[in-house]
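Chemist: Assemble the whole structure, with the sequences as input and the hints as a guide.
These protein sequence lines are chains A and B, in that order.
Residue 33 in our numbering is what sits at position 33 of the first sequence, and the numbering runs on without skipping anything.
Residue 21 in our numbering is what sits at position 21 of the second sequence, and the numbering runs on without skipping anything.
Honestly, I wouldn't trust all of these hints.
Any copy will do: because identical chains look the same in the list, a pair fits if it lies in one copy or spans two.
Mimicking BS3-like on lysine-lysine, the simulated pairs with C-alpha atoms at most 27 Å apart in a straight line are [what the hints assert, rightly or not]:
1. K92 <-> K168
2. K170 <-> K91
3. K168 <-> K118
4. K118 <-> K8
5. K92 <-> K170
6. K170 <-> K157
7. K91 <-> K193
8. K91 <-> K168
9. K8 <-> K168
10. K193 <-> K92
11. K118 <-> K193
12. K91 <-> K118
The hints are simulated quantities; they were obtained by calculation from the structure and are not laboratory data.
Since this is a predicted model, take the numbers as computed values, not measurements.
2 protein chains.
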Amino acid sequence: MELQQVLKERRTVRRFSQTPVPDEELRALLDAGRLASCARNDQRLRYTVVRTPELVNRIFTFTAWAGSVTPRRDPVPGMTAPTAFIVVTGKKEEASSPLLQTDCGAAIQTIQLAAWEKGIGCCWMGAIDRQAIHSLLELPGDCAILYIIALGYAAEKPVHDDIDDPGKVKYYLDDNDLLHVPKLTVDAIASWK
Amino acid sequence: MELQQVLKERRTVRRFSQTPVPDEELRALLDAGRLASCARNDQRLRYTVVRTPELVNRIFTFTAWAGSVTPRRDPVPGMTAPTAFIVVTGKKEEASSPLLQTDCGAAIQTIQLAAWEKGIGCCWMGAIDRQAIHSLLELPGDCAILYIIALGYAAEKPVHDDIDDPGKVKYYLDDNDLLHVPKLTVDAIASWK
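Modeler: Spelled out as structure tokens, the structure:
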């Protein structure tokens, strides 16, 4: 798929087909993410890929979904819930480092773009019970969960709408249950010198 | 260009052709960046695009370049220095927010990917004199510089090398002045559950 098409079309997905994503596809996403920019090329992020149904279902119970369209658009286990999670971790003592957070943003965005081409939708989540997930996955004590990515084959295709008013950024479902994501135009966010 | 090619080939660039990048190309980069994922769709990032030679040259004096290959690979004004900067800003009181930092990572990585397709190289910089740049650009007092992106048409094409040892991530120039960027393999950074 052309880069431009992916950059334009990709949106966060919160409805998933229940067809499992093969391991080689999940691996390809990490293969893209590992090449993202990171501070000093230190590559401090680590990933735990969870795709066994029992663990996926347990992690799902530790997540909170899109505030603006809850509860109408909460994924339903066995019907529209994610079929895998990628848990993004770092060292506990570095978890609040701004540079590690930006590394996270660059890597997760790259994973999301790579996923879109494969028909895999992603929802990057920060509203999660980190302690519960850490314990469930038996992660090492010196490791901290930064974010998780919920994923699965996409069963919705949200759209973006151009807006100029920073007060109107709230996403919403229309009468056809299509998710709209208002995005500020270049003119609204950029100045030139 | 195919997404896969961009994801594989894109690397940070620190040598630039002195041909200016047209405004419409710079605008296209922001048009990609504005659609990147961000927390709660709040879109709190703003951009100042600097491409007038005098200001670009002044900003250049407020930047510190790749630690590992300095001074051998420092860009030279008028020969290999960037021809534009994108200054990424946020509100001062939110500047240290982890979520704003991850938003920054997602947006800057997206801009870098969009640039690569156009032959434009980027260097995402945090080692900068924020106060001096803020003052030079006469930015508002409630605005904070998060990072800057140095850019211009690429005059080098660094490569990545696969490695398994997290102790060997330091990038280096080989005997042909080609920049190598060691990147950890998927097996070195991921576990599966």
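Chemist: Run every hint past the structure and note whether it holds.
Modeler: Taking the hints in turn, this is what the structure says about them:
Within a single copy, K92 and K168 get their C-alpha atoms only as close as 36 Å, which misses the 27 Å cut-off; across copies the closest is 22 Å, which meets it. Taking the shortest Cα distances, K170 and K91 sit within 27 Å of each other only across copies (19 Å), while inside one copy they are farther apart (34 Å). In this assembly of identical chains, K168 and K118 lie within 27 Å of each other by CA distance neither inside one copy nor across copies; the values are 31 Å within and 32 Å between. In this homomeric assembly, K118 and K8 come within 27 Å of each other (Cα to Cα) both inside a single copy, at 15 Å, and across copies, at 16 Å.
For a Cα distance limit of 27 Å, the shortest separation of K92 from K170 across copies, 23 Å, qualifies, whereas the shortest one inside one copy, 33 Å, does not. In this assembly of identical chains, K170 and K157 lie within 27 Å of each other by CA distance solely inside one copy; the values are 17 Å within and 41 Å between copies. Taking the closest pair of Cα atoms, K91 and K193 come within 27 Å of each other only across two copies (20 Å); inside a single copy the shortest separation is 40 Å, beyond that limit. In this assembly of identical chains, K91 and K168 lie within 27 Å of each other by CA distance solely across copies; the values are 18 Å between and 37 Å within a copy.
For the identical chains of this complex, K8 and K168 are intra-copy neighbours only, at 20 Å inside a copy versus 36 Å across copies, given an alpha-carbon limit of 27 Å. Taking the shortest alpha-carbon separations for K193 and K92, only the inter-copy value of 21 Å comes in at or below 27 Å, while the best intra-copy value is 41 Å. For the homomeric pair K118 and K193, the shortest alpha-carbon distance between copies (22 Å) is at most 27 Å, but the shortest distance inside one copy (39 Å) is not. Taking the shortest alpha-carbon separations for K91 and K118, neither the intra-copy value of 31 Å nor the inter-copy value of 36 Å comes in at or below 27 Å.
The structure does not agree with the numbered hints 3 and 12 stated previously, though it agrees with the rest.
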